[in-house]
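Given the structure of chain A, go ahead and fit chain B onto it with the hints provided.
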Amino acid sequence: MKITIASGKGGTGKTTLSTNLSAYLTSLGKNVILADLDVEEPNSSLFLNTKLKEQYIAHKMIPKWVEEDCTLCGKCAEVCNFNAIIDLPDKIKVYPQLCHSCYACSELCPTSSLPMEKTPMGKISLFQCDGFDLVEGRLNLGEEMAVSLISQTIEFVDKNYDGFIKLLDAPPGTSCPVIEASRFSDFVVLVTESTPFGLNDLKLAVETMKVLNQNYGVVINRHGIGDDGVEKYCQDENIPIITKIKNDKEIAKLYSGGNLLYEKIPHFKDSLDEIVAFFGEQI
Amino acid sequence: MKEIVVISGKGGTGKTSFSSSFAYLEGKNAVVCDCDVDAANMHLLLGANFKQKNDFLSGEIAVIEPTTCTNCGDCFDVCRFDAISKNDDFHIVDKISCEGCNYCYQICPHQAISMQIQKAGDIFISDIKNNSKMVHAKLGFAAENSGKLVAKVKTEAKILALKENRNFVITDGSPGIGCPVISSLSGASLVVLVTEVSVSGFHDLKRVYELVKSFNYSCVCIINKYDLNHNILKEMEDFLSNEKIEVIAKISYDETFTKAMSVAKPIVEFDKDSNISQAITKSWDIIKKRIEK
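Same order as they appear, the protein sequences are chains A and B.
Position 169 of the first sequence, counting from 1, maps to 169 under the working numbering, and the rest follow consecutively.
Position 271 of the second sequence, counting from 1, maps to 271 under the working numbering, and the rest follow consecutively.
Extracted from the complex, chain A is given alone in its bound form:
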């Protein structure tokens, strides 16, 4: 089973939940793989005992201008829909950051003067944690195409961890990176907090899940602070509330130091049990 852990708003506890749930399911004897898909700011490894096992450079394909046979006809710039190519009077200039790797310029060039070339965009690292593996995608600074790295990281997980419970820690927001991290999963857990911000962003995330036709449920974090808007919304919309994690300064402290929580905070472990019960035999 593949479960994405997402949230509209940042800082609601996605990573706290996914790292703890991975460790807890492992302690119950399950085969778990955790993937950190928050490729702009991957944090999961900070909360786990990690040993780096393997690391790969992730690439994207970018056209590279070869002067030799080029007639400067300008076809490449004409077909590029992302303004990534400019035809100047004496040369062709490529802007790699704007390129979406569609291959149109390269394959429609009459003189084959724009061969596609591998260009590093980030790293995929495989860590061994206590009893399970963590796969992390990490985008290079200044690099803009998060989606491609997310999809490569998921591909790595699918290829190497058949039959495992796959937990995917998604980036925040509701746009393309989150969609890439959610669209091929069996279920999406939306983590929110019981505040107007949490509710506002939960609604956006729910609308996105509807567009994707996804199965989803809600975990309310820091419950007890704020208001009951999130609960009312979930009831009105018939969205399952999988568990409510109590607001607790002790959690903030342990989290701050990079510690796992469930062994030290009994009510947090109860919440993990509710999640396990929610999925039942599926995991």
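What the hints contain is simulated information worked out from the structure, not anything from laboratory work.
All of these numbers come straight from a predicted model, not from anything done at the bench.
Virtual Cβ for every residue (Gly too), placed ideally from N, Cα, C.
Any given hint might turn out to be false.
To be verified - Which chain B residues face chain A? A few, computed with CB under 8 Å, are given here:
no. : residue
1   : Gly9
2   : Thr13
3   : Phe90
For chain B alone, coordinates are given in the frame of chain A:
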């Protein structure tokens, strides 16, 4: 006119609580700009009235005309995004997967494909508390191009500030280090880095600072939840002092943030005499002095 951009790398550090407080303090002297278009919520704290609404058109997707399509499959062969699939008599495009590259449109031998411009979201100009104005946006569900929408929101805010002769644009940036953040930062007079004392807050601070540094923006830092962990605070302060980044406020872990949010008020409006409000007011003064220099 000067622009102050508040960013954080990590979400949930208090970025919007601080930036909306700055906006509230400065009142009609500032135009406010919410660049967190993926999950915008600054309007909740500032009482925006959504006065003006404009469509944001951006990006294209391919549409195949079923009656012209001969099902030859050339489009399927060239699509790198697995966006095209074969139906019984014609091919179809999956709207979510299509990147709008137009390769299929270029090569379709029967001109059965057209490119259609998409509505990617809405841009709003609102009146807000304290006689100020705000530019904000809502990205369409499952839409892309949030970097472009950010750029558009910023442009609108700057035009408004120039037209109405306001001194400041206060921008609430987006999280992360990718396209929307790079867009949020462009043209900043000063960047305010908001961080929290936690392993992840520190990690994300260092990463987003690298980005800020690579563009040569000058910056200051607000440390939130400073009393959660002494060791991390120490490391963080050493890092900031090595990089010569001034810490303009240190705020303790405090549930006032959430309480103020629950009644839709910036902290300085919710409880203006509290220690936090005083620290925020002081830091806004420091920011203004820094900019004047």
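Answer holds if the nearest beta-carbon of chain A is closer than 8 Å to that of B:Phe90; otherwise answer violated.
Since the shortest Cβ distance to chain A is 22 Å, the answer is violated.
Please verify that hint: B:Thr13, Cβ, nearest Cβ of chain A, below 8 Å or not.
At 6 Å from the nearest chain A Cβ, B:Thr13 passes the 8 Å test, so the hint holds.
Should the hint that B:Gly9 touches chain A count as held when the rule is a Cβ pair under 8 Å?
6 Å, holds
The structure fails to meet hint 3 from the earlier list, while all remaining hints are met.
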